[in-house]
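Undergrad: Okay, here's what each chain looks like letter by letter:
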Amino acid sequence: MGDVLLAIEDVHKSFGPVQALRGARLELRKGEIHALAGENGAGKSTLMHVIDGILQPDSGEIRLDGRKVRISSPHEAHRLGIGFVHQEIALCPEISVAENMYMSETNSSPAWFMRYADLNRRAAAVLGELGDIDPAAKAGSLSISQQQIVEIAKALTLDCRILILDEPTAALTEAEAKILFRIMHRLAEKGIAIIYISHRMAEIFAHCDRITVMRDGCHVRTADIAEITQEEVINCMVGRVLSNLYPAKQTEDERSARVILSVRGLCEGRRIFNVGFDLFEGEILGLAGLIGAGRSEIVRGICQLEGRATGEVALCGRRLDLRDYRDSIREGIVYLSEDRKSDGLFLDMSIAANVSALDINLISNGMGLIERRRELARARELGQRLQLRASSVEAPVSSLSGGNQQKVALAKMLSVDPRVIFLDEPTRGVDVGAKAEIHRQLRALAREGVGIVVISSELPELIGISDRVLVVREGRIAGEVRGADMTEERIMHLASIDIGPATARA
Amino acid sequence: MLATQEQQPGTSSAIRRPGWFDTMIRARETGLILIIMTLFCGMSLISPYFLTVENIRAMAMAFAVEGILVVGMTILLISGGIDLSVGSVTALAMVTGGWLFLNGIDPWAAAAMAIGLTMLIGMAMGFLTTVVGLHHFIVSLAVMVIARGVCLLATGGRPLGLYSLPPEFKFIGQGTIRNIPLVIIIFVVVVVAFDLMLRRTTIFRKVFYTGSNPKAAAFSGIRVGRVIFATTTLCSTLCGVAGVIYMARFGSAQPSFGVGMELNVIAAAVIGGASLSGGSGTILGAILGAVLLSMVSSSLALLNVSVYWQDIIRGSILLAAVLFDHYLVRRRR
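As given, the protein sequences belong to chains E and U, one line each in that order.
Everything in the first sequence is counted per the numbering used here, starting at 1 for the first residue and increasing by one.
Everything in the second sequence is counted per the numbering used here, starting at 1 for the first residue and increasing by one.
Pulled out of the complex, with its shape left as it was, chain E reads as follows (with noise of 0.2 Å):
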């Protein structure tokens, strides 16, 4: 292992009266993985955002390679060759790539006139090593993986030894998510320490040397990954003891035969070709399938929210004619969206109107009235069922977390009292106490008789949840598994390799 390249000792950080840092504590050696681990509220970003400059500590101090340091600005960090790259992508869609990695040098370059030859032969020159990127392609044009490796390409462009990636994983698949994780290795390997702060055990397991545990602002735990288990890890965040990750899943005496939710030869334009399934009464759901493959398309096409997808869909038995999102959610059939700040909530309004967006009648008086009451009682009721940790329900969805905003756009789905709920990453950036707790729910909705169909790209979670995983691929459903076959193996066979004989079922 290499030299300690940075060293932060004691640092402490308050905003008002909250403590963010109470004595946070990393050591970072030349050429490790350094994973950064910490439910979310835990103070992993206030800290990056003291070593990237952006926040000052109000005491502590900050040591690269051995000498006292005062990281003053991000520009500051960048001269100390310190990268960031951020959890949302932050590039300029309509200009080059080579235009978006090189942002930073027009600020100090003398130069006048842009060299466009020049520029996109150095551009081509780093991301060379991290993948095939055009580097005069327009950065809106590139999938989101793309644009993930595009916005290391632009920490490495300055010339940085230390790079911190936050959740770089959340919004890529499993197979992308290799090819990163490749990259870091290599980035590794030449002497680049990598903070690498993730939700994801098993990634943090397979591809960090040494992790550190944060939990209300203080440092817990620093070990090598050999020498710390998952669990150790997960108790260390939460402070508690979680006794297994996932709820039981449906015994074999409670499958039901009954079908709640029943589709037949759904299409839509070149995005889904001869979709079919069945969705079973008390069962999770699991739909599989790399970005892009048309997993979101698939539901988001039967409960009519985008695109005219043709086809059958039956409610236990009856058929439906759904011409938009509204009848779908008369018949009770809704959608929980990907991205709950974009698409799923209003965060500067309060939580009892988020709850009763998706049908104000059922808060009404009959007359249009609003029953404020009414209204408040429900999101109360629906808040406490989901153990929602909130001042009360009068206040903004932005005063939240993201796992009680995620419990928020959960109570918004429930209350319409649903027969069938799509979830497309329900747990996307929440953390481990909040995403349990989220399991529960919909463990506890499928046996009350909801059917629970449930997208995520995140493997284990799925095979954890789901009795049952379809794989999406190129908009077909390239095959089933379920009881032992549920493997992250066979699943990404299914969605990667090639299509196998279980097509024939589907």
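None of these hints come from the bench; they were simulated from the model.
Yeah, the Cβ is synthetic: ideal placement off N, Cα and C, and Gly gets one too.
Among these hints, one or two may not hold up.
[What the hints assert, rightly or not] Sample of chain E residues at the chain U side, in silico, Cβ under 8 Å:
1. Cys218
2. Thr222
3. Ala223
4. Arg326
5. Met349
6. Leu358
7. Asn361
8. Ser364
9. Leu369
10. Ile370
Based on the hints, put chain U in the right spot on chain E.
TA: Here is chain U on its own, set in the frame of chain E:
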């Protein structure tokens, strides 16, 4: 293998309900009322003319009709739109009504046709913004210039004298009931009705959802396009109503009436807590914003301050309100 989780002490998920006092203290309106009351008391002490029935009535008349525009604009702003054409469209309604009357049409029918025209203008703007997908700002900017052009063209740039309007019609703008001007009664009714509807009805709740996050609204089964179409049409139609009231009040139709009024109206809504990015605002707040602006104007006039200072001071109040919001919102996040 159930995920058993030890309940943490002190993290009960019971959700508290804040008291009404708490809510009131934090409301934007409370702050505005305090500022208005302070200004009112201060002016009463400084100027002997301020606290007279005539002066208060004059101030109320000054913002009453404009207040109707503020109502329409606030609702449009909440839905995420904006309308720069309110001043011109109000003038157009006046000129249309006046022109039709002078051409022998019954004044009530002329007024109805003028309001109908503004409704059509609103629907056209709604169509261009929701179906075609142009930006509200550009569409309403174009309509603002076109409507003003039509006014000037139809009148040759001269006011139309409408002295022959029947007294029943003039009563709308000039009459009083129990010594209270009818204009103010209309204004109060409009304000109270829309304020309650905005707070209480499901239809207007959809306006908030749409403005707060149009995509999430669409993903909740709300027909976002229709909501914006409706708020755009409502805003223009209220301009028509205001135009007709002005016509009755002045007994004339002035083609250059209401130049720059849109800025005053938007400023009032924003001071009252409406956000240009949609999703927030109240009618009461916006009206208090209008009251504040109007009161500052008349106070400055009473104090013999140059009219040129008035714009500078009103602009500064707007900036202060926006800055206040900016830091308040920032602190909350």
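Undergrad: If a hint holds in the structure, say so; if it does not, say that too.
TA: Taking the hints in turn, this is what the structure says about them:
Residue-level restraint check for Cys218/E is violated (minimum Cβ-Cβ distance to chain U is 16 Å; threshold 8 Å). This hint is violated: Thr222/E has a C-beta 24 Å from the nearest C-beta of chain U, more than the 8 Å allowed. Contact between Ala223/E and chain U, as hinted, is not supported at the beta carbon level, the nearest pair being about 23 Å apart and thus beyond 8 Å. Given hint, Arg326/E at the interface with chain U, holds; its Cβ is 4 Å from that chain's nearest Cβ, closer than 8 Å.
The interface hint given for Met349/E holds, since its Cβ lies 5 Å from the closest Cβ of chain U, which is under the 8 Å cut-off. Taking 8 Å as the C-beta contact cut-off toward chain U, the hint placing Leu358/E at the interface holds, the least distance being around 5 Å. Satisfaction of the interface hint for Asn361/E is found here, the shortest Cβ-Cβ separation to chain U being roughly 6 Å, below the 8 Å cut-off. Hint on Ser364/E holds. Least Cβ distance to chain U is approximately 5 Å, under the 8 Å limit.
Proximity of Leu369/E to chain U holds as hinted, the smallest CB-CB distance being about 5 Å (cut-off 8 Å). For Ile370/E, the suggested interface contact is upheld, since its CB lies about 5 Å from the closest CB of chain U, less than 8 Å.
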